[in-house]
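Q: Start from the sequences, fold in the hints, and give me the full structure.
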Amino acid sequence: MPAFCSWGNYPATAQHGVLLANRHSALPVDQGSLLPFGNGRSYGDVCLNPGGAVVGSRQLNRFMAFDESSGVLRCEAGILLADILHCFVPKGWFLPVTPGTKYVSVGGAIANDVHGKNHHAVGTFGCFVEGFELLRTDGSRQYCSLQQNEALYRASIGGMGLTGFITWADIRLRRVSGSTMNEETIRFSRLDDFFSVSADSASHEYTVAWVDCAASGESLGRGLFMRANHADTENIAVKAKQRSLSVPVMPPVSLVNNWSLRAFNALYYRAPRQNRVSRQVHYDPYFYPLDSIANWNRMYGPKGFLQYQCAIPTDAGKEAIRAILKRIANSGTGSFLAVLKVFGDIASPGLVSFPMPGVTLALDFPNHGEKTQMLFKRLDEIVDAAGGRFYSAKDAHVSAQQFQAAYPAWEQLEALRDPGIMSGFWARVSGKAGD
Amino acid sequence: MANVLVIGATSAMAEAAIRLWAERGDALFLIGRNAQKLQSIADDCRVRGASQVTTAAADLNDFAQHPQLMQSAFDALGSVDVALIAHGTLGDQQQSQASYAAAMNDINSNALSAISLLTDLSNRLEAQGSGTIAVITSVAGDRGRQSNYVYGSAKAMVSVFLAGLRNRLFKRGVHVLTIKPGFVDTPMTAHLKKGPLWASAATVGAGIVNAVDKKRNTVYLPGFWWLIMQVIRHIPECVFKRLSL
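Chains as they are written, first to last, in our numbering: chain A, 1 to 435; chain B, 436 to 680.
Everything labelled a hint here was simulated from the structure, so no lab data went into it. Since this is a predicted model, take the numbers as computed values, not measurements. Even for Gly, the Cβ is constructed at its ideal location relative to N, Cα and C. Heads up, some of the hints might be wrong.
Covered stretches of chain B, as calculated for chain A (at least 3 residues, CB under 8 Å) [stated by the list, open to error]: (1) 480-489; (2) 549-556.
Subject to a maximum C-alpha distance of 20 Å in a straight line, what follows is the list of computed EDC-like cross-link-like pairs (lysine to aspartate or glutamate) [what the hints assert, rightly or not]: (3) K472/B <-> D494/B; (4) K102/A <-> E205/A; (5) K650/B <-> D478/B; (6) K91/A <-> E458/B; (7) K91/A <-> D494/B; (8) K472/B <-> E205/A.
A: Pasting the structure below:
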């Protein structure tokens, strides 16, 4: 039986689960409440169901059809984005939206309405989902799209698997001329410069920044801004490196600590030789730098880690991010990879979707128990006051009150939830914990 | 581009190999028991790039059907460059010990059915004067052990048959490949506890495609099983019979 864990190894629930044999299979009936489980790349408890079982989609990994004229791919929900890239980049097609790992399933990408570095230009993954088949615990199967079963379609995009099991989906791919990206890296020495470079980057489809979360004072919010476009012509000299690194075993304690963090960040900030560097890179290292280190989540040791990802509305964005970075720098904890990005205003069809017009910050923290929870509480105060919200796919700490205030549509999702489905996350934020 | 015939196409190892052939644009003829599953695999192959996919649902324990099945494969493909025989069952050693009928079933589906197909297939390829026959047997056929000697002896029979066939067809331009997987994580073994020796079907599938390309004679998949089986084969019988393997 495969292990079912969340990517953060926190909360460390001993999760019971079964694999669905194929897309025609019925859901198991004797396991208590169920929860669809993709490839286990969400961080907290959104993919866990401590009160029941998870149903894995891993064996639903077949393509079904592809329409060359429209770019619409019909595939089973357990297909990984990596599988799509592997087959379709050579044919001149690319994912319309991709998160920072290609090891997520299509079902998981829909259920978490994932976003990518091109959110400001095209919106979320859900914007490219034409429709999908939803299998409910009563055995019913329905195709959901904007034209058919629209309420369930909207509730399921970003619906965290609560509305039913997505067995297969139609997603619209986009044309590219090859695997090459034109990338430009710009060093910025303070937070204000991040916002000005960002505003100046409409010419680029993909934008994201790495911030040095250990920097403080004058250097607060310094980092590297990375923007890119797909190259017009394939440069075959630009190749992806084969995966070579791995964290083979779980170290007894987290390798990420105050010293390693400061040392890494100081070096990484100075890595580009000039303040502005242009180069051609393969899409793989550009979009998925962490995928080249297998099992990197083990780096945080057996206690696991938590990710803090929030979005702040545009008006309050700059000051709230500044305040958050200040508190994190003072805390002496944080992660090598802290990411800052300005979201666009293209609305997702999803009912409970995370991105909002504004700015998002994401970073990981080794789990130091109470200490981490205290820091999160203090960060939450800033986010709540600024009218911001949290990303359920990364979350393991938000309270019911916070969640319900940030996502008023949660009640509509609750009304459309499959009564046979529950998750650790939903039990917590809907106030049903202990039910 | 090659013309590939796969018998037992719905097995997890076979499907993993089929995907790689499909991505190369090969023409495929897929035989399996479950028509719905065959259809899913065929659709997947078309999206991946297979130039042609034909399926035939058949019960391979019905040996009388074999010549007709082979005829339809050759009719659809014209000629066959690669034929992979991958069907089989794990069997139940306890049942086979208790009843000859169960043992016979096991030997029928794991050995005789393959030999029936190979007899027909080898003559067609011999007449064609080219092609590769690849057959999945098992490390279990390398030495009889109390835990699965009925299954193991069926696989051993196929392995010896293939060695002879390889010898015979070499002079005719036809290559024969014996594939011996170790523990593979597939639906057939879903009920067994997994350890570090277990490999994924995708790994074994890639190994099959590679071994066909390189015209290997016998491959253990993954390769470390060669070493394990060397050790197991060389334990003296007076010691071996006392072990609980």
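Q: None of the hints should be skipped; say for each whether it holds.
A: Results of checking the hints against the structure:
1. 480-489: As far as the segment 480-489 of chain B goes, the hint holds, because 4 residues have Cβ atoms under 8 Å from chain A.
2. 549-556: violated (count 0)
3. K472/B <-> D494/B: holds (14 Å)
4. K102/A <-> E205/A: Given pair K102/A, E205/A holds - Cα atoms ~19 Å apart, limit 20 Å.
5. K650/B <-> D478/B: The hint is violated at about 29 Å.
6. K91/A <-> E458/B: Within the cut-off at roughly 11 Å; holds.
7. K91/A <-> D494/B: Given that 20 Å is the threshold and the Cα spacing comes to 37 Å, the pair is violated.
8. K472/B <-> E205/A: Roughly 40 Å separates the two Cα atoms, so the pair is violated.
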